[in-house]
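Since the structure of chain A is already known, use the hints to place chain B on it.
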Amino acid sequence: MRNNIGKYAATIAWPVLVTALILLAWELSVRALGIRSIILPPPSVVFETMAQRHDLLFAHLWPSLYLTVLGFVLSVIGGIVVAVLITYSAIVRKGFYPVIVVSQVIPKISIAPLFIVWFGTGTMSSLLLAFLVAFFPMTINAAMGFESIDEDIHRMARTFMGSRWQIFWKIRMPNALPYIFGGMKISITLAIIGVIVSEFVASQEGIGYLIKLAGGLLDTPLMLAAIVALSISGLALYAIIAAAESWAVYWQPPPEAVGVAGG
Amino acid sequence: MRSAVASPPPGLAPGRARGDGAAIVRITALKKTFGDLEAIRQMSFDVGDGEFLSVLGPSGCGKSTLLMMIAGLIDPTAGEIRVQDAKVAGPRREVGVVFQSPVLLPWRTVLQNVLFPIELLKLPRPQYRRRAMELLRMAKIDEYAGLLPRQLSGGMRQRVAICRALVHDPSILLMDEPFSALDAITRDEMAVELQRIWQANRKTVIFVTHSIREAAFLSDRVVVMGRRPATIIDELAIDLPRPRHIAVTEDETFNRLVRHLRKAIEASHAE
Numbered sequence: 001m002r003n004n005i006g007k008y009a010a011t012i013a014w015p016v017l018v019t020a021l022i023l024l025a026w027e028l029s030v031r032a033l034g035i036r037s038i039i040l041p042p043p044s045v046v047f048e049t050m051a052q053r054h055d056l057l058f059a060h061l062w063p064s065l066y067l068t069v070l071g072f073v074l075s076v077i078g079g080i081v082v083a084v085l086i087t088y089s090a091i092v093r094k095g096f097y098p099v100i101v102v103s104q105v106i107p108k109i110s111i112a113p114l115f116i117v118w119f120g121t122g123t124m125s126s127l128l129l130a131f132l133v134a135f136f137p138m139t140i141n142a143a144m145g146f147e148s149i150d151e152d153i154h155r156m157a158r159t160f161m162g163s164r165w166q167i168f169w170k171i172r173m174p175n176a177l178p179y180i181f182g183g184m185k186i187s188i189t190l191a192i193i194g195v196i197v198s199e200f201v202a203s204q205e206g207i208g209y210l211i212k213l214a215g216g217l218l219d220t221p222l223m224l225a226a227i228v229a230l231s232i233s234g235l236a237l238y239a240i241i242a243a244a245e246s247w248a249v250y251w252q253p254p255p256e257a258v259g260v261a262g263g
Numbered sequence: 264m265r266s267a268v269a270s271p272p273p274g275l276a277p278g279r280a281r282g283d284g285a286a287i288v289r290i291t292a293l294k295k296t297f298g299d300l301e302a303i304r305q306m307s308f309d310v311g312d313g314e315f316l317s318v319l320g321p322s323g324c325g326k327s328t329l330l331m332m333i334a335g336l337i338d339p340t341a342g343e344i345r346v347q348d349a350k351v352a353g354p355r356r357e358v359g360v361v362f363q364s365p366v367l368l369p370w371r372t373v374l375q376n377v378l379f380p381i382e383l384l385k386l387p388r389p390q391y392r393r394r395a396m397e398l399l400r401m402a403k404i405d406e407y408a409g410l411l412p413r414q415l416s417g418g419m420r421q422r423v424a425i426c427r428a429l430v431h432d433p434s435i436l437l438m439d440e441p442f443s444a445l446d447a448i449t450r451d452e453m454a455v456e457l458q459r460i461w462q463a464n465r466k467t468v469i470f471v472t473h474s475i476r477e478a479a480f481l482s483d484r485v486v487v488m489g490r491r492p493a494t495i496i497d498e499l500a501i502d503l504p505r506p507r508h509i510a511v512t513e514d515e516t517f518n519r520l521v522r523h524l525r526k527a528i529e530a531s532h533a534e
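Residue numbers (the numbering used here), protein chains in the order written: chain A, 1 to 263; chain B, 264 to 534.
No lab work stands behind these hints, which were simulated from the structure alone. In this text, a Cβ means the ideal position worked out from N, Cα and C, and glycines have one as well. Any given hint might turn out to be false.
Which residues of chain B face chain A? A partial, calculated answer using Cβ under 7 angstroms [said to hold, decoys possible]:
| # | residue |
| --- | --- |
| 1 | Gly298 |
| 2 | Leu336 |
| 3 | Val360 |
Chain A extracted, bound-state conformation (with noise of 0.2 angstroms):
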């Protein structure tokens, strides 16, 4: 146990260090050179910002947040739905699934002016953008995962008269859970996408809105602020999710290098 927390400090100790001395470099670079804020402010300026303008990035990062989890979860309920759709329907396999598969190569962010267009500048814009874009590598996962059971296992349960249903409750559902939680990452850091190009196109609240504002008015520290707050809020919700990854996904050892695929 104490081996495996002294494990977790070194891979921990790494990266921290490595920041450490970018931001000591940015720093130290800014003042030289006597870079005026406007065009880059050093990180203790960012920070100063941050603490002293904590009031209004949180007013705007709240509903942001708000949306991005509520389409993410959206998209984890509707795509683990589909997902079973495409599992058990012949139709849904056969007809739909390659057309998800083939849709994924349309940027769904350029759909983000059309929503607006269809639901107007409120919520309602964000969180279906952030809905649609984490759909897909939810459903695509939790798909492979109900499908990825060994055909052994399979065999193994109809031996034993197991049904449909407990086949899908005691197989294919612990199985997929890998798939899901990869799913999740993948879908957790794209709502957030969808909620920001959302609060781009048109908004009046939210942390996207409040970077454009920032930038319109050359207040780049704020700026800053902003992205750096919404960095680490995504941080936060992806770490979430691995800690219930670790806790849910018990029986497989930790991996030692965490993958995510971008979309």
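Same frame as chain A, but now just chain B:
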């Protein structure tokens, strides 16, 4: 629940198909084709209650197909299989199957894996939990009951699979080359263990293997299958006293039986 009811008197050799008559599995004019591929041409044999029968044959001769048909997982093309006088038309409760690989569920502990059939068959769990622990003790893996499969060696995992196949107290145990993935030393060990477990439980066993030594060591009777399209080309009773120790494999009697079986298989290849 009638666990030990049908057991013959202790200390005696279990029954055979020939002699005491009571066949528990009857295979009549069995035929199986997959499209154009003729896997099994024609096959008939009986398995006696409590008998340890090996089906020996070269790789790809249709041994596993035969076993899967007895298990009710595949339908025969023609002919019929009867288990306890009922025609096999699907998986049956009185049959337990051990596959080539252990096929354990990685998210379940050893004990939970052994109890898996109990859940599927909706049998009373507390009662069978005791039985599962007994089986694990008999297989000498009871101390690992709380571990996950990935924490066990290949041999241990296959022992868990054997316990799982026995937990609901089936009358017939079907084993599909269960030790073929294990190393030679573990394999010998497992053969001895299996004999011990079988003697304690008195199940009918149909054991599919391509190992002549394994078949000769374990069985009361060996049925030899020829190459595809398969038929039965030989049948041999193994009258060695039990319990057999691994040293028996060095005896002249044992080696004569092995030679006989080898010749039968070679003859089928020469055709």
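Checked hints:
Look at glycine 298/B: its Cβ only gets to about 19 angstroms from chain A, farther than 7 angstroms, so that hint breaks. The interface hint given for leucine 336/B is met, as the beta carbon of that residue sits about 6 angstroms from the closest beta carbon of chain A, less than 7 angstroms. Proximity of valine 360/B to chain A holds as hinted, the smallest CB-CB distance being about 4 angstroms (cut-off 7 angstroms).
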